[in-house]
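Participant: For reference, the chains in residue letters:
Protein chains: 2
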Amino acid sequence: MSAPARTVRDEPITIAVLGGGTVGAEVVRQITAQQDDFASRVGAPLRIMGVAVRDANRARPGIDPELITTDTLGLAGSGADIVVELMGGIDTARECILAAMAAGSSVVTANKALLAADGASLYSAAEEHGVDLYFEASVAGAIPLLRPLRESLAGDRVLTVLGIVNGTTNFILSQMEERGADYADVLREAQELGYAEADPTADVEGHDAAAKAAILAELAFHTRVTADQVSCEGISHVTLADVEAARQMGFVIKLLAVAERNIDAEGNDRGVTVRVHPAMVPVDHPLASVRDAFNAVFIVAEAAGELMFYGRGAGGQPTASAVLGDVVAAARNRVSGGRGPGESIYAELPVLPLEQAMTRYYVNLDVADRPGVLATIAQAFSDHGVSIQVVRQDGHGDDAGLVLRTHQATDGALADTIDALRGLDAVKQVVGVMRVEGEAGS
Amino acid sequence: MSAPARTVRDEPITIAVLGGGTVGAEVVRQITAQQDDFASRVGAPLRIMGVAVRDANRARPGIDPELITTDTLGLAGSGADIVVELMGGIDTARECILAAMAAGSSVVTANKALLAADGASLYSAAEEHGVDLYFEASVAGAIPLLRPLRESLAGDRVLTVLGIVNGTTNFILSQMEERGADYADVLREAQELGYAEADPTADVEGHDAAAKAAILAELAFHTRVTADQVSCEGISHVTLADVEAARQMGFVIKLLAVAERNIDAEGNDRGVTVRVHPAMVPVDHPLASVRDAFNAVFIVAEAAGELMFYGRGAGGQPTASAVLGDVVAAARNRVSGGRGPGESIYAELPVLPLEQAMTRYYVNLDVADRPGVLATIAQAFSDHGVSIQVVRQDGHGDDAGLVLRTHQATDGALADTIDALRGLDAVKQVVGVMRVEGEAGS
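Protein chains in written order, with this note's numbering: chain A, 1 to 442; chain B, 1 to 442.
Hints in this document: simulated from the structure, not taken from any laboratory. Heads up, some of the hints might be wrong.
For the chain A half of the interface with chain B, some residues (derived, Cβ under 10 Å), not all of them [stated by the list, open to error]:
| no. | residue |
| --- | --- |
| 1 | Ala320 |
| 2 | Gly412 |
| 3 | Ala413 |
Just a few of them, taken from the derived set where beta-carbon distance is under 8 Å, the chain A residues facing chain B [what the hints assert, rightly or not]:
| no. | residue |
| --- | --- |
| 4 | Arg47 |
| 5 | Leu153 |
| 6 | Cys232 |
| 7 | Ala303 |
| 8 | Tyr310 |
| 9 | Gly311 |
Label-pair distances were calculated between CB atoms; the ranges are [to be verified]:
| no. | chain 1 | residue 1 | chain 2 | residue 2 | range |
| --- | --- | --- | --- | --- | --- |
| 10 | A | Ser382 | B | Asp394 | 51 to 61 Å |
| 11 | A | Gly79 | B | Ala103 | 37 to 47 Å |
| 12 | A | Asp64 | B | Asp264 | 42 to 52 Å |
| 13 | A | Thr7 | B | Ala103 | 18 to 28 Å |
| 14 | B | Ile263 | A | Gly412 | 53 to 63 Å |
| 15 | B | Gly267 | A | Gly338 | 29 to 39 Å |
| 16 | B | Glu66 | A | Gly88 | 28 to 38 Å |
| 17 | A | Thr160 | B | Gly267 | 14 to 24 Å |
| 18 | B | Asp398 | A | Val391 | 48 to 58 Å |
| 19 | B | Ala265 | A | Asp64 | 27 to 37 Å |
Built from N, CA and C at the ideal position, the CB exists for glycine as well.
Construct the complete structure from the given sequences, taking the supplied hints into account.
Facilitator: As structure tokens, this is what we get:
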């Protein structure tokens with residue numbers, strides 16, 4: 001009754017690895033250490049043809065020195081079955097990937113910046129040369145996420161993607177919340193621990209998350225989305241007071257990558273919105289308990305309903321796990337003569353500006369302590385077509401405060417309302433404003 | 001710069017659907033309603049050739065009556081590109097699937113019972129006839145889980161799978177915990193709401209979860225596992241007192257499907273253990289917050305680390321989402337001339353009996369209130385090589401109680417310890433015993 005396992009052929013699947021950093025070295029080590037497992041899973045042995053590095057003199061434990069080369073473009077175009085691009089950066093990486101595809105190689109890459117800037121030219125070359133393009137490691141590290149989006153959900157209609165896709169900012173926000181520590185203090189600590197870079201801009205200002213949001217949106221909505229179309233706001237202005245105010249209302253603050261279908265009253269697609277910003281999430285939402293450097297992506301699809309994918313978003317080993325899954329997939333396709341899923345961009349939905357995104361605001365105001373203030377403020381919301389869901393008045397005299405949460409409205413109407421509030425005599429200061437995501441209903 | 005989308009060919013991919021129940025009807029409706037989307041995603045239009053049902057006279061809204069047939073085996077063997085098996089049961093379903101494969105059809109099935117009983121003959125036939133076998137919907141409904149295990153983690157080494165894979169029991173346990181309601185009352189309510197069957201045995205005794213555990217273990221460990229090798233204990237004996245005791249210690253009770261690599265001190269594989277039983281899970285574990293009828297599967301892999309997949313485990317629409325993802329995958333393979341991943345059973349690890357599983361116990365004892373009781377009891381644990389992690393003494397006189405949690409030991413040693421405790425004069429009653437899962441460390 002034992003099934004005939006697919007036989008393992010003698011002819012190897014050849015692999016060229018571009019980049020010998022943490023992930024590249026781990027990929028090479030795993031392929032070497034688990035060669036019998038890989039051969040059985042693929043149906044052919046995997047053989048590393050070369051590892052291209054910048055500095056050939058650095059010691060690289062576990063990598064045969066004979067494999068090392070500094071001729072990256074030469075190795076890329078050498079015609080290996082699979083080229084694994086782990087160099088990062090845009091221009092040189094693109095040149096190498098295009099050379100690889102032109103030479104008939106399938107490509108596995110973790111390069112989110114390149115995919116988010118110019119995925120089109122990679123897909124186009126893959127199609128032209130009949131090769132595979134896999135990039136699971138480019139978003140949310142080890143979490144199997146892109147394959148589910150490209151394949152498992154290929155028969156469904158994705159409505160919303162809400163992702164915690166940057167570990168550094170999630171670590172900072174978690175620590176602020178758990179320990180009541182200031183943003184600047186936690187950032188310094190994260191830098192000391194190696195969780196944040198010396199220049200943390202790409203993480204804390206949301207640029208890293210924006211590239212991932214573009215990749216997720218493109219796959220979810222079958223629509224071309226590039227990083228420059230993603231509106232982006234980071235966490236550097238989030239204060240401990242914001243975190244405390246959120247907690248009092250039963251929310252936590254997360255930096256979210258949000259990609260949504262924008263649907264009109266008749267249920268037709270108006271377009272998609274893609275944005276990165278800090279947001280208040282209800283404590284009982286599955287994303288709220290995603291702490292420290294973990295990543296998670298919450299997806300709502302028409303038939304599947306709510307889904308969440310959770311795991312480690314970075315690190316050499318987790319990223320190598322994702323890369324190796326892609327290597328096995330590309331290798332299996334070589335052995336069977338098949339192809340992985342190609343680009344599936346056909347919907348051409350317009351990418352709408354942030355102002356047209358449907359969202360909800362939390363607003364915290366210092367107000368004058370006199371009769372009629374609430375009426376004046378409520379009128380300002382109403383004038384912009386924004387309806388208030390909850391309002392709480394706190395304190396007296398100089399400490400008088402109003403905390404509100406709105407119903408859903410366009411981000412443009414909400415932002416205009418805040419501008420109008422700033423112009424009111426009754427409002428002494430807009431203490432806090434933040435979007436609210438992940439709540440049921442409107 | 002726009003990439004050339006793969007062209008949509010005219011020749012359709014033909015599909016035969018066996019089973020016209022909730023899921024089958026939903027699959028047919030979605031393929032019809034979203035035909036343009038499917039054509040773009042696949043590269044060819046999908047055409048339904050027939051829907052086999054038991055009762056041709058029942059009204060089936062949204063399904064063209066011309067497609068209906070009661071000749072299930074005939075439709076199965078008609079040579080459609082893809083046969084979707086949604087009949088359930090074992091013998092007839094197997095006969096139809098084998099007929100379909102013999103006729104050259106790729107097969108998509110949601111049939112967990114058949115896969116867990118005799119996946120080998122399906123894989124074998126798929127291999128023999130060069131067709132695909134996909135079965136994402138067989139475990140955890142809409143959650144993309146089997147594709148990640150078969151493909152995304154194909155380059156990693158899975159260590160542990162902990163799954164909440166039965167919605168009925170998770171609903172019952174969640175309600176007991178949240179509302180302090182009795183098992184019997186919540187079960188009755190679940191039956192009234194349609195969350196539990198009139199005969200709830202398959203769910204509450206863990207048989208449904210055991211079939212899913214076998215499928216997960218087989219994919220995770222590249223080793224043949226059938227349902228009859230899964231040790232299985234249900235939730236019908238779980239009391240409100242157990243739930244309360246767990247809460248006091250910072251745990252929740254979940255019915256878990258557990259599949260683990262059993263590794264010796266040198267790090268070599270001794271085998272795998274696969275079991276279903278209620279377990280105490282720490283409240284801060286990602287599985288603890290999976291409530292009501294939701295499913296989630298937590299996976300630990302060597303390189304990827306901790307992963308979790310969360311979503312709806314049942315229901316017509318969610319299950320249809322998983323089936324349709326598989327249909328698109330099988331259809332893309334037909335168009336590209338490729339093959340999906342085949343069976344990957346090569347490790348042949350022994351499936352070990354429950355006694356050899358490594359686990360930890362929570363034990364709640366009514367004890368005699370006299371000096372030396374703790375020493376006597378501690379000795380009983382020590383005699384079996386079981387070390388105690390935490391012990392708490394409560395009450396006096398007739399109410400004297402001891403609550404313990406052990407360190408990790410073999411299930412056999414732990415079970416023997418409980419037997420020994422039952423024989424001690426100092427122990428008036430073993431009030432509660434439950435395994436503990438999901439805690440860090442040993």
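Participant: Decide, hint by hint, whether the structure agrees.
Facilitator: Verification of the supplied hints:
With its C-beta approaching chain B no nearer than about 6 Å, alanine 320 (chain A) sits inside the 10 Å limit, and its interface hint holds. For glycine 412 (chain A), the interface hint is violated, since its Cβ never comes within 10 Å of a Cβ in chain B; the closest pair sits about 29 Å apart. Interface restraint check: alanine 413 (chain A) against chain B, minimum CB-CB distance 32 Å, threshold 10 Å, status violated. With its C-beta approaching chain B no nearer than about 15 Å, arginine 47 (chain A) sits outside the 8 Å limit, and its interface hint is violated.
At a threshold of 8 Å, the smallest CB-CB gap from leucine 153 (chain A) to chain B is about 6 Å, leaving the interface hint in force. Interface restraint check: cysteine 232 (chain A) against chain B, minimum CB-CB distance 22 Å, threshold 8 Å, status violated. Among the interface hints, the one on alanine 303 (chain A) holds; its C-beta lies about 4 Å from the nearest C-beta in chain B, closer than the 8 Å criterion. Given the 8 Å rule on beta carbons, the hint for tyrosine 310 (chain A) holds: about 4 Å separates it from the nearest Cβ of chain B.
Satisfaction of the interface hint for glycine 311 (chain A) is found here, the shortest Cβ-Cβ separation to chain B being roughly 4 Å, below the 8 Å cut-off. Taking 51 to 61 Å as the suggested C-beta distance range, the pair serine 382 (chain A) and aspartate 394 (chain B) conforms, at roughly 59 Å. One distance hint, 37 to 47 Å for the beta-carbon pair glycine 79 (chain A) and alanine 103 (chain B), holds here, with the actual separation near 39 Å. Between aspartate 64 (chain A) and aspartate 264 (chain B) the C-beta distance comes to about 30 Å, which lies outside the given range of 42 to 52 Å.
A beta carbon spacing of about 25 Å between threonine 7 (chain A) and alanine 103 (chain B) agrees with the range 18 to 28 Å that was offered as a hint. Separation of isoleucine 263 (chain B) from glycine 412 (chain A) is about 57 Å and conforms to the stated range, judged on CB atoms against 53 to 63 Å. Checked against the given bound of 29 to 39 Å, the beta carbons of glycine 267 (chain B) and glycine 338 (chain A), roughly 36 Å apart, stay inside it. One distance hint, 28 to 38 Å for the beta-carbon pair glutamate 66 (chain B) and glycine 88 (chain A), is violated here, with the actual separation near 56 Å.
Checked against the given bound of 14 to 24 Å, the beta carbons of threonine 160 (chain A) and glycine 267 (chain B), roughly 43 Å apart, lie outside it. At about 55 Å, the CB distance of aspartate 398 (chain B) to valine 391 (chain A) agrees with the hint of 48 to 58 Å. For the hinted restraint 27 to 37 Å between alanine 265 (chain B) and aspartate 64 (chain A), the CB-CB distance of approximately 30 Å keeps it satisfied.
Checked against the numbered hints listed earlier, the structure breaks hints 2, 3, 4, 6, 12, 16, 17; every other hint is satisfied.
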